[in-house]
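> Please build the complex by placing chain G on the supplied structure of chain L, with the hints as guidance.
There are 2 protein chains.
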Amino acid sequence: MDKYKRYERLAAIVKIFSENPNTLINLEYFMNFFGIAKSTASEDIDILKNVIEKFNFGKLITLPGAGGGVKYIPISDIKSYLPFVEEIKEKLKDPSRIIPGGFLYTADLIYSPNIVTKIGEILVLPFLDKEIDAIVTVETKGIPIALMCARTLNVPLVIIRKDSRVTEGSFVSINYISGSQRHIRSMSLARRSLQKGSKVLLIDDFMKAGGTIKGMMELMEEFDAEVVGAGVMISTEKPENKLVDNYISVFVLKNMEEDKNIIDIEISDWILKG
Amino acid sequence: MDKYKRYERLAAIVKIFSENPNTLINLEYFMNFFGIAKSTASEDIDILKNVIEKFNFGKLITLPGAGGGVKYIPISDIKSYLPFVEEIKEKLKDPSRIIPGGFLYTADLIYSPNIVTKIGEILVLPFLDKEIDAIVTVETKGIPIALMCARTLNVPLVIIRKDSRVTEGSFVSINYISGSQRHIRSMSLARRSLQKGSKVLLIDDFMKAGGTIKGMMELMEEFDAEVVGAGVMISTEKPENKLVDNYISVFVLKNMEEDKNIIDIEISDWILKG
Numbered sequence: 001m002d003k004y005k006r007y008e009r010l011a012a013i014v015k016i017f018s019e020n021p022n023t024l025i026n027l028e029y030f031m032n033f034f035g036i037a038k039s040t041a042s043e044d045i046d047i048l049k050n051v052i053e054k055f056n057f058g059k060l061i062t063l064p065g066a067g068g069g070v071k072y073i074p075i076s077d078i079k080s081y082l083p084f085v086e087e088i089k090e091k092l093k094d095p096s097r098i099i100p101g102g103f104l105y106t107a108d109l110i111y112s113p114n115i116v117t118k119i120g121e122i123l124v125l126p127f128l129d130k131e132i133d134a135i136v137t138v139e140t141k142g143i144p145i146a147l148m149c150a151r152t153l154n155v156p157l158v159i160i161r162k163d164s165r166v167t168e169g170s171f172v173s174i175n176y177i178s179g180s181q182r183h184i185r186s187m188s189l190a191r192r193s194l195q196k197g198s199k200v201l202l203i204d205d206f207m208k209a210g211g212t213i214k215g216m217m218e219l220m221e222e223f224d225a226e227v228v229g230a231g232v233m234i235s236t237e238k239p240e241n242k243l244v245d246n247y248i249s250v251f252v253l254k255n256m257e258e259d260k261n262i263i264d265i266e267i268s269d270w271i272l273k274g
Numbered sequence: 001m002d003k004y005k006r007y008e009r010l011a012a013i014v015k016i017f018s019e020n021p022n023t024l025i026n027l028e029y030f031m032n033f034f035g036i037a038k039s040t041a042s043e044d045i046d047i048l049k050n051v052i053e054k055f056n057f058g059k060l061i062t063l064p065g066a067g068g069g070v071k072y073i074p075i076s077d078i079k080s081y082l083p084f085v086e087e088i089k090e091k092l093k094d095p096s097r098i099i100p101g102g103f104l105y106t107a108d109l110i111y112s113p114n115i116v117t118k119i120g121e122i123l124v125l126p127f128l129d130k131e132i133d134a135i136v137t138v139e140t141k142g143i144p145i146a147l148m149c150a151r152t153l154n155v156p157l158v159i160i161r162k163d164s165r166v167t168e169g170s171f172v173s174i175n176y177i178s179g180s181q182r183h184i185r186s187m188s189l190a191r192r193s194l195q196k197g198s199k200v201l202l203i204d205d206f207m208k209a210g211g212t213i214k215g216m217m218e219l220m221e222e223f224d225a226e227v228v229g230a231g232v233m234i235s236t237e238k239p240e241n242k243l244v245d246n247y248i249s250v251f252v253l254k255n256m257e258e259d260k261n262i263i264d265i266e267i268s269d270w271i272l273k274g
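As they're listed, the protein sequences go chains L and G. Numbering follows the UniProt record's numbering, with no gaps: position 253 of the first sequence is 253. Numbering follows the UniProt record's numbering, with no gaps: position 241 of the second sequence is 241.
Pair ranges (Cβ atoms, derived):
(1) G:26 - L:185: 47 to 53 Å
(2) L:80 - G:80: 30 to 36 Å
(3) L:33 - G:93: 27 to 33 Å
(4) G:175 - L:186: 22 to 28 Å
(5) L:46 - G:87: 30 to 36 Å
(6) L:2 - G:43: 17 to 23 Å
(7) L:261 - G:246: 39 to 45 Å
(8) G:226 - L:2: 47 to 53 Å
(9) G:270 - L:218: 42 to 48 Å
(10) G:185 - L:196: 30 to 36 Å
(11) G:246 - L:241: 50 to 56 Å
(12) L:254 - G:272: 55 to 61 Å
(13) L:184 - G:185: 21 to 27 Å
Rather than coming from a laboratory, the hints here were simulated on the basis of the structure. Where a beta carbon is used, it is the ideal one built from N, C-alpha and C, also for glycine.
The shape of chain L in the complex, shown without the other chains (with noise of 0.2 Å):
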């Protein structure tokens, strides 16, 4: 006789498989988990397919062959987060998120768990064929989002320093220019933080002109890198001439008028085409 009845595996494997999105798991793993033949670990696995479908939990993904097992992507299709992007878009809206100088508040959303997570799997929702190393970002706002992306696609979070403070051994830094504001800044990264070669998609919070993200792209070029991708939460509709042609985002800030009050900021077409 098994040791757990059926409904207690399928719950503990929905529990691992949570904790541990897009990693390749195989059958032995369960078997030996459990103390179970594979015919019943795989009647399992497709049980529980359908269960993670029918409540659009994402999906489990089968390999077959030596290397094979099963992975579980934790997202589904764009349209199920809808009504999230809706009720987001709502809370940016609030004029109190105007701060003079032309900058909008957003730290308690990006630093909000609940929020951040979703908003790093909907930026990875597009790349999810694409073979993908790391998360690259930009210190500091983007580092949640980032995270998120990178646990949700089971990669390494790679950070790049506004400083040269950095305590990482030998560095390489590049100058760039702030598009909007027309400063030179500069982004530093620890040689080894990331692997020659790697294919990466850039995340960051906010992109107006998109220096940063030029820069970021500059600074990959520095690791031989392949950028896939760049994701931002929220991009600005003007200038409508952006430094970087190849990116996405969550939110488009169309309009924001510090003396009447106003934000305008839709959802990205993308998102609402499904």
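Just chain G, lined up with the frame of chain L:
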């Protein structure tokens, strides 16, 4: 007849709790979600309670009454983390982590989603019975750890900046003395990022003399915040007299000899003693 089979509901509930740790969910939520009677929802929770404890996945806590419900604490006893901390300790002992100047390279661990998730869980474990309103950290390397602490407790993260390029409205700055290097540094926090009178847990990646944590404590006074405790991933054994005394760490760095390629690091006593 119920729309979903019991094993389907149980698997779905596990997923919902996993995504919403430390969040009170009432039975009505599950009754509506699955279209089931209160007694059935109640039975489901009871079954799940046993499953979660059987597999050492943490625990489900039922709060009775009108404002009651069930919440999931995703961490169990500290003993279950021992194999993990042993594994990380071995990784930390690798002499190639020694960086000239007496620094220890840890970014690969802190920026790895699976590892930092568990470090975050361990650091909040001693504070589970305390009321905590926010996790406070200082940029940069503490952020991933602090976010995972915040996620486990389902409270907001607050990030103190090391420069004053704060674009989040009015802010409070303090100067503090980096304890080991005796340099004057400054840290800043936007007024609106932390409510007056909050109860906070301070989190950072590394602590030598404790100057940074002490600076954070001083800054918290400016917000009338109550510091419930402090936790770091690694503390050093020396100096013995730290600038703060109320802190916990996961690892203690006893000795590091650059010329001899020796890193002597141990798991903290409170973890070993369980």
